[in-house]
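> Chains as they are written, first to last, in my numbering: chain A, 248 to 1057; chain B, 15 to 354.
Careful, some of the hints might be misleading.
To be verified - Heads up, simulated DSBU-like pairs for lysine-lysine below, C-alpha to C-alpha not over 30 angstroms straight-line: (1) A:Lys953 - A:Lys893; (2) A:Lys292 - A:Lys332; (3) B:Lys259 - A:Lys939; (4) A:Lys797 - A:Lys785; (5) A:Lys803 - B:Lys50; (6) A:Lys467 - A:Lys578; (7) A:Lys836 - B:Lys115; (8) B:Lys334 - A:Lys739; (9) A:Lys785 - A:Lys939; (10) A:Lys739 - B:Lys249; (11) B:Lys284 - A:Lys256; (12) A:Lys836 - B:Lys116; (13) B:Lys178 - A:Lys797; (14) A:Lys996 - A:Lys893; (15) B:Lys115 - A:Lys753; (16) B:Lys19 - A:Lys551; (17) A:Lys939 - B:Lys115; (18) A:Lys850 - A:Lys979; (19) B:Lys39 - A:Lys753; (20) B:Lys39 - B:Lys17; (21) A:Lys739 - B:Lys284; (22) A:Lys345 - B:Lys290; (23) B:Lys51 - B:Lys115; (24) B:Lys51 - B:Lys19; (25) A:Lys453 - A:Lys256; (26) A:Lys746 - B:Lys259; (27) A:Lys878 - B:Lys334; (28) A:Lys893 - A:Lys1030; (29) A:Lys753 - B:Lys19; (30) B:Lys259 - A:Lys722; (31) B:Lys178 - A:Lys863; (32) B:Lys290 - A:Lys279; (33) A:Lys757 - A:Lys893; (34) A:Lys739 - B:Lys280; (35) B:Lys178 - A:Lys850; (36) B:Lys19 - B:Lys50.
Worth flagging that the hints you see were computed from the coordinates, not collected in a lab.
Here's the letter readout for the chains.
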Amino acid sequence: MNTSFNWIKDLVPGLDCSAQEYMDAMTLSGTKGEGFVTLDKNLEKIVVGEVESMEKHPDSDHLWICQVNIGAEKIQIVTGAQNLKVGDRVPTVLDGGKVAGGHDGSPLPENGIEIKAGKLRGVESNGMMCGIEELGSSREVFPDAPENGIYVFPKDADVKPGDDAVHALGLDDTIHEYEVTSNRVDCYSVLGIAREAAATFRLPFKPPVVPETGANASEKSSDYIKVSIEADDLCTRYVGRVVKDIKIAESPEWMKKRLRASGIRPINNLVDITNYVMIEYGQPMHAYDLSTVAGNEIIVRRAKDGETFVTLDGQERKLDSDVLMICDGEKEIGLAGIMGGQNSMITEDVKTVLFEAATFNGPNIRKAAKRIGIRTDASGIFEKGLDANNAIEAMNRACALVEELGCGTVLNGAVDVHSELPQPVHITFEPERTNEFLGTDISREDMLSYFKPLEIVYDEAKNELICPTFRQDLKSFADISEEVARFFGYDKIPTTLPKSGATAGKLSFKMRVEGVARDVVEFAGYSEAMCYSFESPKVFDKLLLPEDAKERQVIKISNPLGEDFSVMRTLTLNGMLNSLALNYNRRNKNVKLYELGSVYLPKALPLTELPDEREKLTLGFYGEGDFFTLKGVVEEVLSRAGLKLKPEYDPNAGLPYMHPGRQANIIYDGKVIGFLGEVHPEVCDNYDLDTKAYVAVIDMLDVVEKATFARHFNGIAKFPAVTRDISMLVPKSVLAGQIEAMLAQRGGKILENYALFDIYEGAQVKAGFKSIAYTLSFRDKEKTLADDEVNSAMKKILNGLESLGIELRS
Amino acid sequence: MMKEKLEQIRQQALSAIGGSDTLDKLNDVRVSVFGKKGELTAVLKGMKDVAPEDRPKVGAIVNETRAEIEKALEDAKKKLDRAVREAQMKAETIDVTLPAKKPVLGHRHPNQIALEEMERIFTGLGYEVIESPEVEYDYYNFEALNIPADHPAKDEQDTFYVNKDILLRTQTSGAQVHEMEKGRLPIRMICPGRVYRSDEVDATHSPVFHQVEGMVVDETTTFADLKGTLTEFAKELFGEDTKVKFRPHHFPFTEPSAEMDVSCFKCGGKGCRFCKGEGWIEILGCGMVHPHVLEMSKIDPIKYRGFAFGVGLERIALLKYEIDDMRLMYENDARFLEQF
Chain A
248 MNTSFNWIKD
258 LVPGLDCSAQ
268 EYMDAMTLSG
278 TKGEGFVTLD
288 KNLEKIVVGE
298 VESMEKHPDS
308 DHLWICQVNI
318 GAEKIQIVTG
328 AQNLKVGDRV
338 PTVLDGGKVA
348 GGHDGSPLPE
358 NGIEIKAGKL
368 RGVESNGMMC
378 GIEELGSSRE
388 VFPDAPENGI
398 YVFPKDADVK
408 PGDDAVHALG
418 LDDTIHEYEV
428 TSNRVDCYSV
438 LGIAREAAAT
448 FRLPFKPPVV
458 PETGANASEK
468 SSDYIKVSIE
478 ADDLCTRYVG
488 RVVKDIKIAE
498 SPEWMKKRLR
508 ASGIRPINNL
518 VDITNYVMIE
528 YGQPMHAYDL
538 STVAGNEIIV
548 RRAKDGETFV
558 TLDGQERKLD
568 SDVLMICDGE
578 KEIGLAGIMG
588 GQNSMITEDV
598 KTVLFEAATF
608 NGPNIRKAAK
618 RIGIRTDASG
628 IFEKGLDANN
638 AIEAMNRACA
648 LVEELGCGTV
658 LNGAVDVHSE
668 LPQPVHITFE
678 PERTNEFLGT
688 DISREDMLSY
698 FKPLEIVYDE
708 AKNELICPTF
718 RQDLKSFADI
728 SEEVARFFGY
738 DKIPTTLPKS
748 GATAGKLSFK
758 MRVEGVARDV
768 VEFAGYSEAM
778 CYSFESPKVF
788 DKLLLPEDAK
798 ERQVIKISNP
808 LGEDFSVMRT
818 LTLNGMLNSL
828 ALNYNRRNKN
838 VKLYELGSVY
848 LPKALPLTEL
858 PDEREKLTLG
868 FYGEGDFFTL
878 KGVVEEVLSR
888 AGLKLKPEYD
898 PNAGLPYMHP
908 GRQANIIYDG
918 KVIGFLGEVH
928 PEVCDNYDLD
938 TKAYVAVIDM
948 LDVVEKATFA
958 RHFNGIAKFP
968 AVTRDISMLV
978 PKSVLAGQIE
988 AMLAQRGGKI
998 LENYALFDIY
1008 EGAQVKAGFK
1018 SIAYTLSFRD
1028 KEKTLADDEV
1038 NSAMKKILNG
1048 LESLGIELRS
Chain B
15 MMKEKLEQIR
25 QQALSAIGGS
35 DTLDKLNDVR
45 VSVFGKKGEL
55 TAVLKGMKDV
65 APEDRPKVGA
75 IVNETRAEIE
85 KALEDAKKKL
95 DRAVREAQMK
105 AETIDVTLPA
115 KKPVLGHRHP
125 NQIALEEMER
135 IFTGLGYEVI
145 ESPEVEYDYY
155 NFEALNIPAD
165 HPAKDEQDTF
175 YVNKDILLRT
185 QTSGAQVHEM
195 EKGRLPIRMI
205 CPGRVYRSDE
215 VDATHSPVFH
225 QVEGMVVDET
235 TTFADLKGTL
245 TEFAKELFGE
255 DTKVKFRPHH
265 FPFTEPSAEM
275 DVSCFKCGGK
285 GCRFCKGEGW
295 IEILGCGMVH
305 PHVLEMSKID
315 PIKYRGFAFG
325 VGLERIALLK
335 YEIDDMRLMY
345 ENDARFLEQF
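All chains should be modelled from the sequences, with the hints used to inform the complete structure.
Have a look at this one:
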């Protein structure tokens, strides 16, 4: 919403402050200013000049030497413009003055362009006659301005040499831009903004006085037109009024100025009036040439499915039964609330006009405009759901303007068809409760003084506030409290902290466990990544998942931004691999990343209930490190989260995206809680990752389930440990995990620890075997171990190992 | 006679100690005095020849002499030891300006750092940190927040839908409803999490981003409490000198509603490129929980009042750490992450 500051000042007499002060105050009372444009920012010393004589420059074939009357004196100006003739009155910038920009309409320089007297090919020139672009405006709103020429005031313009040209053009104005919130439909109008301004500055609000029109006309609108609403759920009111003897002409300068300041191109009096009222009242209007309305009849009904209609921009539009149409006795003549039809367009020859001011179901207009694919100024306003009571007032204003501008003869009365009109809402006035709610101590008198300029009426007998229907946002106690807060001033409301009893501030147990995981992996060198939750269904192919993989059971977004963002991820690998590949291809060395983020697993498809959102800790790296360094980080995470048991690893994880010989499921307490390994080289290829990469994924909910922060001190060993080394020849098929399980199982209580210290496969070892050596450490907490106790434990262990086909070397 | 001998030993020994410039030489002195064939040892051996009545007296002198020589030896040894160590340390001198050998530590994402700061502030104020689903029912994201089916706000938020009832939440505000439905009062909670809007990726937009929702419901909550709480929050997050400004705004689920601006922490409010010359930066939306919203979640709006707020986490992180492009947040370039 953009409005002219001059227009607001006319409606709020006494408003006297800078554009900035105005905007700041309006923002603090709830009408947020987004900025303003001062039209005359760089316009200095620009007057109306009258060209008194012109002669060709002796040394140029395109320059003219003009004598220009600027009121007090005559000055000589040399110009290259070709559109001037003697007698033209033009904006003229004098020596030492400023214009806003160049004549080509390119972006305006911050400080404008200074104009100095000088010589053009030897001939003195003491100023410059200006084109509309040089004045910072455009042919868009000054359609009478020539292309590449000097702006010439119209013949009938009330200006004389020496007058302030900036004022004459209406450029002595500031345009404020506002962000109007969706609940304040009334502020999509100059009157609405001005009412807020009056309340904000505690000044009187002087809306236009609208005289009655057509009272003396011998004919009535209803003699000419019949209106019926067939779809009263979509059209709440239709006001039609007929104007005869139309005299198309230009609008007066005051109206053109206000239209221009609102960014609207003046066209002719009839069109300008509908536009003007739309801006002023926030009620879009339409004018039909009554001679094109068949059967002198207007019917408001739904379109038929598949029907087409040519709008006044010449486009054919496809309709459906949720689109509301304005029809005459035979055919459709307008897309209700969106755009008129080509077939009822006003032409210069129009004699009799039907003015329409209607209100529609806002959401339906919004959806229809979206489906059809046009959004007009009118639909943009209608979609907010307009006050039906405002429609008749807007119609009255339009008719008053018709009479004022001598544009035609307004007929008696309107044809007004509507369902039940909105009634003012009554809200009990509860000043104490409002004060309790806001934490303030505002007197009831002060509160009432805020309501008055907002046209909220206080009924003392019933202790009720009666809210005008244009304030559709006022429905209850809280809304009234907001009005009080706005005009008391949000900034004056005290700042306190909640007074009630203390509550325990805390993170959930899950968040604390996640915090531990973050700390561990960050200490281990992994940096935190953040990846999107949705991705392309193509990732499943990139990850070599078979067609029937359960990971392909995904939640699809029905209106995604594109295929790349169309399914909710069921595994976290894609984001991690993309991130690693991005780093690798940007030549970052040894990159380690982790992500804590969810996968989204549907319980059933199509989705009928919310999916499982399972948080995963995903680790990934390339460069320094290998499977076992990653395994170490995983184990440290588990251990620091209080998972005391030793995790197990199943190499037969069967994960298609992992290297078949270098992958394992991580098993804790009998449950698979994740996996780790080297990424399948083909998957790396698919991600353009030309190096080995390792990933681990741990289900955080599984971890949280087993996690604990309880810790117990076990004392420090008082008695010495006994260590024994075993060196073995192990069949290649036997895994270290099997050996360790055997050690743990057979070692008994006194086996404190075991550690692999050598592993070797190669020429010196006999075929089919590998050499492995462990150090075992035995200790009894209560006493010094006797040799025979250790020997007996060792014997059990060695027997066990032999049962695995292991040969002992020593 | 004995006495003179001892005096002679003493003088010779002390002189020899004084003249010893190495531990070896010092040791030679020790051997020459105390060794098996040492001079003092010899004297001690000769004690048997001393008349018994003189023995205590001579013995005392012998002890005195021995003690003195031993002390001199000890002192000289300490001195020599120190000299040796000093020489050694001198030889071990390093160039301390050579580069450090750093442990390779990972870095937390700036978004997470900003979140943890907020969690710290609000847990300190007695708020519980909770979670709420990302894939959510329309009811929790819209309807229960006073945004019925035809409400324009539904369009404004450019929602991703799974089907007509289930969507990707566009705001964390649904957490308010979940929390209220638990029926545990009073409520003081914040809920961080991912939210989704159908915005094309650019320097300031991402279809996935994070919000932190906050809510207080109690019998005495006021708009002044809302202001006080968020003022405290802003000062903690952006510095004690931060000024705040509350502007009226509109959200369907709060009334009165406000947006909070903070004074630009770059220029202090004078206006700069960072705050686009405004001196203020908008950081959050807030308001008193709409009584109708309380009512829909079965909380008596006469007895209870509440306030709620929602903060865009990326926005805070971008501002606080002066990150000029939102895309960096989801790219995971190590050179970006390492700066936090």
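> Can you list which hints this structure breaks, lowest number first?
3, 5, 15, 16, 18, 19, 23, 27 and 29
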